[in-house]
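Chemist: The residues making up each chain are set out below.
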Amino acid sequence: EDKVVQSPLSLVVHEGDTVTLNCSYEVTNFRSLLWYKQEKKAPTFLFMLTSSGIEKKSGRLSSILDKKELFSILNITATQTGDSAIYLCAGISNSNSGYALNFGKGTSLLVTP
Amino acid sequence: EPEVTQTPSHQVTQMGQEVILRCVPISNHLYFYWYRQILGQKVEFLVSFYNNEISEKSEIFDDQFSVERPDGSNFTLKIRSTKLEDSAMYFCATGTGETQYFGPGTRLLVL
Chain A
196 EDKVVQSPLS LVVHEGDTVT LNCSYEVTNF RSLLWYKQEK KAPTFLFMLT SSGIEKKSGR
256 LSSILDKKEL FSILNITATQ TGDSAIYLCA GISNSNSGYA LNFGKGTSLL VTP
Chain B
23 EPEVTQTPSH QVTQMGQEVI LRCVPISNHL YFYWYRQILG QKVEFLVSFY NNEISEKSEI
83 FDDQFSVERP DGSNFTLKIR STKLEDSAMY FCATGTGETQ YFGPGTRLLV L
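Chains A and B, in that order, give the protein sequences. When the letters of the first sequence are read in order and numbered with the numbering used here, they come out as residues 196 to 308. When the letters of the second sequence are read in order and numbered with the numbering used here, they come out as residues 23 to 133.
Just chain A, with the same shape it has in the complex (with noise of 0.2 Å):
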């Protein structure tokens, strides 16, 4: 069974601070993995990874996969309190015909002033 785990669950960070949130996936026949910031409700897309050690940057976001390993990470930069939210990774494996999205539980993150 497909398996997306991330961590930390929840992180309190000052304004300021640089974090990393880290997504783990077991995706059979991994296609692509994808972030997202979920506010208060519906999730707003960030980025798209197919590639390995490729970094996509979206001003103080950036994010890696690295295929080998499993694994990939979110930076923030600078936080904000505006990046307050809950980040959440899926795989997609390409057994699917439709691109369905295996979501993880996703990362809280709280950015204090």
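Just so you know, the hints here were simulated from the structure itself, not pulled from any lab data. For every residue, glycine included, the Cβ atom is placed at its ideal position computed from N, Cα and C. One thing to keep in mind: the hints can contain errors.
Just so you have them, the derived chain A footprint on chain B, three or more residues with Cβ under 8 Å [claimed, not checked]:
(1) 52-65
(2) 77-88
(3) 117-130
Simulated crosslink set (DSBU-like; lysine-lysine; CA at most 30 Å straight-line) [claimed, not checked]:
(4) A/Lys300 - B/Lys79
(5) A/Lys236 - A/Lys300
(6) A/Lys235 - B/Lys105
We have chain A; now place chain B onto it with these hints.
Modeler: Positioned in the frame of chain A, the structure of chain B alone reads:
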């Protein structure tokens, strides 16, 4: 920026009733999905829909559930004979491939 929209935002229903949740996808998207999130739990895949048919479904998506795109724009999830354990947030997502964009969700409460 185009967004996925969902109606209603909240729905309260009695056990055994049928509910229909509606989604309007982003206009050029071809792949449609339903997910649910029970309070305090992870987001779970229900079904994907492409080219007017189901392309994949999870074990959760049993005969109680059905999806359709009745008029070429709306994408609906029907839950027949609702149970207490169907109470959850239901998200529609749409995309042109693997990247999926989520709607704001419908919170369903079954009493």
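Chemist: Count residues of the stretch 117-130 of chain B with a Cβ under 8 Å from any Cβ of chain A, then say if the count reaches three.
Modeler: holds (count 10)
Chemist: Checking C-beta pairs, does the stretch 77-88 of chain B have three or more residues closer than 8 Å to chain A?
Modeler: This one holds; 3 residues, not fewer than the three required, reach chain A with a Cβ under 8 Å.
Chemist: Does B/Lys105 lie within 30 Å of A/Lys235 when you go C-alpha to C-alpha?
Modeler: This hinted pair holds, its Cα atoms lying about 25 Å apart.
Chemist: Given as covered by chain A, does the stretch 52-65 of chain B meet the bar of three residues or more with CB within less than 8 Å?
Modeler: n = 6 at 8 Å, threshold three: holds.
Chemist: Please work out if A/Lys236 and A/Lys300 have their alpha carbons no farther apart than 30 Å.
Modeler: Distance of about 15 Å is within 30 Å: holds.
Chemist: Just to be careful, I want the Cα atoms of A/Lys300 and B/Lys79 compared with a cutoff of 30 Å; is the pair within it?
Modeler: Roughly 20 Å separates the two Cα atoms, so the pair holds.
This entry satisfies every hint, going by the numbered hints stated previously.
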